[in-house]
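**Q** Spelled out from the first residue to the last, the chains are:
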Amino acid sequence: MQLTETIETTRLWRPGSLSLAANAPSGPIERAWDKARFEMKLVSPANKRKHEIIVVGSGLAGASAAATLAELGYNVKCFCFQDSPRRAHSIAAQGGINAAKNYHNDGDSVYRLFYDTVKGGDFRSREANVYRLAQISVHIIDQCVAQGVPFAREYGGTLANRSFGGAQVSRTFYARGQTGQQLLLGAYQALERQVDAGRVKMFPRTEMLDLVVVDGKARGIVTRDLVSGAIESQAADAVVLATGGYGNVYFLSTNAKGSNCTAIWRAYKRGAAFANPCFTQIHPTCIPVSGHYQSKLTLMSESLRNDGRIWVPLNKGDKRAPNEIPEAERDYYLERRYPSFGNLVPRDVASRNAKAVCDEGRGVGEHGLGVYLDFADAIARLGRGVIEERYGNLFEMYQRITGENPYQTPMRIYPAIHYTMGGLWVDYQLMSTIPGLFVIGEANFSDHGANRLGASALMQGLSDGYFILPYTIGNYLAAHKFEKIDTLNEEFRAAQDAVAERTSRLLQTRGTRTVDSFHRELGKLVWDFCGMSRNAGGLEHAIGKIRELREEYWREVKVPGAAKEINQSLEKAGRVADFFELAELMCIDALHREESCGAHFREEHATADGEALRDDARFSYVAAWQYNGGDPPLLNQEPLSFEYVHPSQRSYK
Amino acid sequence: MKLIFHIWRQRDRGSPGRMVRYEKDGLNPDMSMLEALDVLNEDLTIKGEDPVVFEHDCREGICGSCGFMINGVAHGPLLKTTVCQLTLRHFENGQELYLEPWRAKAFPILRDLMVDRSAFDRIIASGGYISTPTGSAPDGNVIPISKEAAERAMDAAACIGCGACVAACPNASASLFTGAKISHLGLLPQGQPERASRALRMVARMNEEGFGQCTNIGECEAVCPKGIRLEVISRMNHDFLKASWAARQPATD
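Chains A and B supply the protein sequences, listed in that same order. Per my numbering, the first sequence starts with residue 43, numbered consecutively. Per my numbering, the second sequence starts with residue 4, numbered consecutively.
Source of the hints: derived by calculation from the structure; they are not laboratory data. Worth double-checking, as some hints may not be accurate.
Which chain B residues face chain A? A few, computed with CB under 8 Å, are given here [as the list claims (entries may be wrong)]:
(1) P19
(2) V42
(3) I65
(4) L82
(5) T84
(6) Q88
(7) L91
(8) I133
(9) I148
(10) E211
(11) H241
(12) F243
(13) K245
Just so it is clear, CB atoms sit at the ideal spot from N, CA and C, and this is done for glycine as well.
When you get a sec, could you build the whole thing from the sequences and use the hints?
**A** See below:
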């Protein structure tokens with residue numbers, strides 16, 4: 043596909059000159075991955091042990107990659123900031139993992155999973171990558187079963203499935219509401235097996251603070267030991283980033299408190315292009331904020347929308363208890379606006395509508411930022427027993443957090459940031475624009491386009507880590523010669539000095555405000571202007587405000603303690619400094635994309651009845667941003683073409 | 004609401020520690036225990052004091068990072084609840100709370116409420132896995148597993164590795180943790196080939212790490228936020244004994 047417009051130079055960005063080739067094999071899409079694997083150069087078993095590979099992150103993508111690379115014979119060093127690789131945030135995924143097994147004989151196929159994912163991503167993902175993901179999905183389940191992941195079973199002993207949003211077939215495998223935990227423990231155990239075998243050296247409580255590029259290739263990282271505070275360098279022949287998403291830029295999100303963008307942001311500043319940073323997913327069913335002290339948001343599984351009815355009072359400012367509001371004075375707004383999908387519209391639509399009714403002043407709860415999810419009808423229809431069987435553990439969790447009993451009074455829910463589709467740009471081989479720097483899992487941008495479907499994140503993390511990267515990294519290593527590298531050389535010392543300088547600057551500022559106070563303020567700005575819906579004026583305003591606040595941050599932040607000790611404030615301070623810079627790029631990306639697609643909703647680009655309006659003629663591309671020193675970032679485009687799944691307008695009316 | 008905290012402060016492994024009293028007013032009953040500590044830490048930061056170091060990450064009870072003793076009970080008074088999901092409404096206004104780190108020889112203190120639990124990783128590395136290199140797996144439905152076996156394996160696999168069991172045990176035993184992994188894998192057909200060697204190696208490792216022996220007291224089960232049952236320890240002992248007998252050389256006398 044040819045792009046109809048050339049990039050103009052504006053106040054906020056300039057045209058870049060990268061030629062972004064995905065390098066997916068030509069020919070029929072079904073054969074592409076086979077063909078690519080055959081064409082790849084191999085590293086002989088005797089040579090594999092001569093290569094060192096760094097893997098940063100130990101979630102589904104990082105742990106599975108580190109374990110598999112070690113099985114193949116490479117020497118692996120794996121880093122995580124948590125005290126154990128088992129704690130990476132993949133562990134919190136509840137619902138399940140998709141795979142095109144068609145065990146239920148309901149018409150599923152690799153092609154259908156591919157089709158659903160491209161369409162669900164609102165035609166902003168790369169077809170060849172998504173097809174490969176769907177193909178590999180079936181092997182993931184096999185691998186995990188063999189590792190002992192206790193997936194749910196039917197009475198006959200076969201694997202059970204359930205259905206999930208955005209699909210008409212039953213293809214989601216699950217282990218109660220703890221699928222992410224069980225898949226991660228499988229990968230973690232495989233990783234620990236390699237640690238025991240001496241093929242992986244694990245560095246827990248160690249945070250990557252910079253990437254080292256030597257002669258144009260990624261050759262190492264700079265880290266801080268979070269216990270001793272020592273700043274050190276590690277060299278390797280290739281670096282893999284599996285450091286997750288950047289949802290915590292919003293401060294309040296469903297991410298773990300430690301999840302951060304530092305590794306990918308440092309790589310961006312060393313030359314890796316950052317793709318579609320404004321594509322951030324908002325999950326519609328989270329427990330609302332209860333006060334200014336709130337530290338994170340808790341997700342309630344999307345499956346609740348199968349039986350719960352969503353409503354708000356018909357009239358503004360109606361403060362009566364929900365049970366006192368008569369039926370005629372309630373607005374079941376999703377059922378009213380979307381009669382055919384009702385409460386089961388996709389995540390982005392459900393979230394935007396909740397925001398709209400709250401903006402009208404009809405939100406519920408103390409702060410007016412919530413809508414009811416009411417099970418009264420379902421309990422009357424099915425009996426309390428059935429509801430308890432289906433959602434008992436979720437109701438219990440809701441009650442534990444809010445102190446309210448959802449069997450008697452409707453739940454209150456509100457959308458929250460949950461996942462980031464954007465990330466570092468990678469080609470078909472999962473390599474970034476820096477040779478030797480590979481990016482996997484949520485940290486890359488690759489497979490979900492502008493909106494991710496439920497139960498697809500676990501699939502992508504494991505697909506990248508177990509089945510794609512171990513091949514593609516070999517292809518890279520076999521094609522290049524690697525001089526032995528010393529971490530005392532110029533590039534390493536410069537990067538290490540820069541990290542030390544930044545650390546001491548944060549400690550020496552000794553201002554008047556805490557890191558968290560800045561992070562909350564930044565998060566609110568990004569949420570208000572680059573959250574569920576965006577407009578040009580708001581984004582311009584946010585960019586100005588972010589810059590002012592960032593400037594204040596470096597003048598007024600107060601980080602207690604010292605560099606050479608356990609210092610959690612210092613850890614946070616470095617991460618928040620990077621969030622400030624990323625937040626600005628997110629707003630710039632959102633401003634430049636003058637269309638609505640998937641989770642990116644621009645108020646200026648909506649249909650007459652307020653639905654998202656894509657502009658394929660102008661924006662059917664991946665926006666890959668390049669760091670440009672102190673000057674505006676450079677915008678590069680990877681055009682997207684759709685040969686198999688033809689773009690259409692999504693409709694849920 | 005108001006709470007009076009007595010918190011264990013210890014700079015590092017080598018320094019002596021002590022309890023320090025903090026009075027905190029203006030707390031909200033809807034806050035979690037960790038959010039209350041966040042608020043306290045904001046105050047300490049502004050005053051120029053070192054914030055209290057405590058471990059946490061997901062704050063939804065699944066990552067296993069958080070945990071400390073509250074008035075002598077691991078994770079505090081609410082059953083099956085980690086401190087990150089423990090809200091203040093379970094305490095009285097003005098109540099005094101004593102917060103201390105997990106105490107066990109195998110969990111050395113790093114700072115304040117933070118301890119080193121890497122011994123758990125080493126126990127898993129010594130056999131808490133099924134050896135299946137990537138790509139070697141048959142189709143997922145080739146091995147049928149009864150619903151009951153899958154459910155029981157899942158019960159044991161739900162362990163989050165927080166260490167509360169060790170902290171609650173008067174012997175600082177890691178039997179509930181180790182037994183949970185041995186049971187999870189031992190209940191599944193895939194786990195059978197390595198079942199005996201797994202039990203031998205993991206139990207040996209657990210002892211080498213300095214954890215105490217299990218004397219069937221049951222404190223571990225009582226505090227486990229995931230409801231892991233004592234039964235897993237029986238399974239571990241069963242597998243260990245059986246494997247030990249099988250491994251014994253024929254008698255020479």
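**Q** Now tell me, hint by hint, if it's right for this structure.
**A** To see whether the hints hold, each was checked on the structure:
{"no.": "1", "hint": "P19", "result": "violated, 16 Å"}
{"no.": "2", "hint": "V42", "result": "holds, 6 Å"}
{"no.": "3", "hint": "I65", "result": "holds, 5 Å"}
{"no.": "4", "hint": "L82", "result": "violated, 10 Å"}
{"no.": "5", "hint": "T84", "result": "holds, 6 Å"}
{"no.": "6", "hint": "Q88", "result": "holds, 6 Å"}
{"no.": "7", "hint": "L91", "result": "violated, 10 Å"}
{"no.": "8", "hint": "I133", "result": "holds, 5 Å"}
{"no.": "9", "hint": "I148", "result": "holds, 5 Å"}
{"no.": "10", "hint": "E211", "result": "violated, 14 Å"}
{"no.": "11", "hint": "H241", "result": "violated, 19 Å"}
{"no.": "12", "hint": "F243", "result": "violated, 19 Å"}
{"no.": "13", "hint": "K245", "result": "violated, 20 Å"}
Hints 1, 4, 7, 10, 11, 12 and 13, counting from the list given before, are not met by this structure.
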